[in-house]
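Taken in order, these protein sequences are the chains called A and B. If you read the first sequence in my numbering, its first letter stands for residue 1, the second for the next number, and so on. If you read the second sequence in my numbering, its first letter stands for residue 1001, the second for the next number, and so on.
Calculated from the structure, these hints are not laboratory results. As the structure is a computational prediction, the values presented were derived from the model and not from experiment. For every residue, glycine included, the Cβ atom is placed at its ideal position computed from N, Cα and C. A couple of the hints might just be wrong.
Simulated coverage check for chain B against chain A, where a stretch passes if three residues somewhere in it have a Cβ under 8 Å from a Cβ of chain A [stated by the list, open to error]:
id	segment
1	1014 to 1024
2	1030 to 1044
3	1071 to 1078
4	1086 to 1098
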Amino acid sequence: MTHSSSLLHQEDPNAIAKRLMQKAHTRDGLPEIAVGITFLVLAGLCWLQEIFKHGTNGYQAASLGMVLLFPALAFGTQWAIKHVRRRFLIKKVGYVEAKPVNRKQRGIVFVIAAAVAAAVTIATYIFIRGSHSSTAFSATGWLLAGTGIIGGAGAAFLGRLPRYVVGGVIMAATGIYLAFSGVSLNAGFAILYGLIGLLSLISGCVVLLLLVRQPAQEGE
Amino acid sequence: MSAKIQQLAEIDRVIHEPARLMIVALLAAVVEADFQYLRNATGLTQGNLSTHLSRLEEAGYIAIEKSFRGKYPLTICRLTERGIEVLDNYRKVIKAALR
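Isolated chain B (complex conformation):
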């Protein structure tokens, strides 16, 4: 039991933040999503979402790509392999600790 609790100390703090956890969880469930979709789904403000996306990109958990769909500019975000790995690990640690 104590070993499981101690594992919590090693938890990834970048992902553990609630807003970033929402973003990463959402991106894990889809192939890719744009800024507007993430803003609607998470309910975060534009500035807040922008900051969290930058933080996740810096950590290498998500990839951000600017593109167009017709005349509409899109900021497309997708989870990287590293992001998938970190989320899986996070899920395991939290599950074990809460059991």
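Next up, chain A with everything else stripped away, as it sits in the complex:
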């Protein structure tokens, strides 16, 4: 046990629970595998948008895929992780039944999703405006660097584990590098998401493999 009792008593029990559940949640690498698959699919769709010309069927299909991808994966991966844990990893990770999400939490998620959608819309508007002027390069650069930095900071802050912090730093650095490389927006996103997806997938698989290879603990 790594907790100092004096520190533990200064912490709210809710915060203690969140910290411990976060630790347990990331123990098997499944969330990272899910994130990795999501990012790789997203990278593939960005790459399709790069290959197909704007207005073609292929481009529209890729755009539609992006719109449908996030809600589908947001719900789908949570269900899949729970199913895999209960079906194959229950001996290693144990059983837990989470509390149903209440209205307040749903509201918070909705507000965050709306804020992200607004930010993406504004960023896209700035990019489209910029693409008609001489500042097109800087608009693309801002989007790539901003995505890398915000995404990297989010990963480091939410993950709170060294491997998430490393992943966050790599994402931010890649975003900044791509911003200065002169690459197109879709190709830049494809490279950024592809790299993060691959790193996340590899990291998750390594963690899962180590857990599976661990000798089984004795029952209570």
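Since the structure of chain A is already known, use the hints to place chain B on it.
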């Protein structure tokens, strides 16, 4: 201020113990969890966790139920109404004292 500090003397010692505080805090955040999950999340040894769970069950703060999921035996723990009440009270006392 002194009244708040004096309240600390009335604190529930069963919950105040760090390992038991972790267990109760965890169980308050979920519907139910099994022994293995609690062991992974808290980092306690099997014997230690077993002892603390028994102590909490004796106090009536948690309910323990043995069941199966397929062929896998589960020792499922959940917080009782009494446990929720005691944890809420503990939270209030600690918050007031640390303020």
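Hints versus structure:
no.: 1; hint: 1014 to 1024; verdict: holds (count 6)
no.: 2; hint: 1030 to 1044; verdict: holds (count 15)
no.: 3; hint: 1071 to 1078; verdict: holds (count 5)
no.: 4; hint: 1086 to 1098; verdict: holds (count 6)
No hint from the list above goes unmet by this structure.
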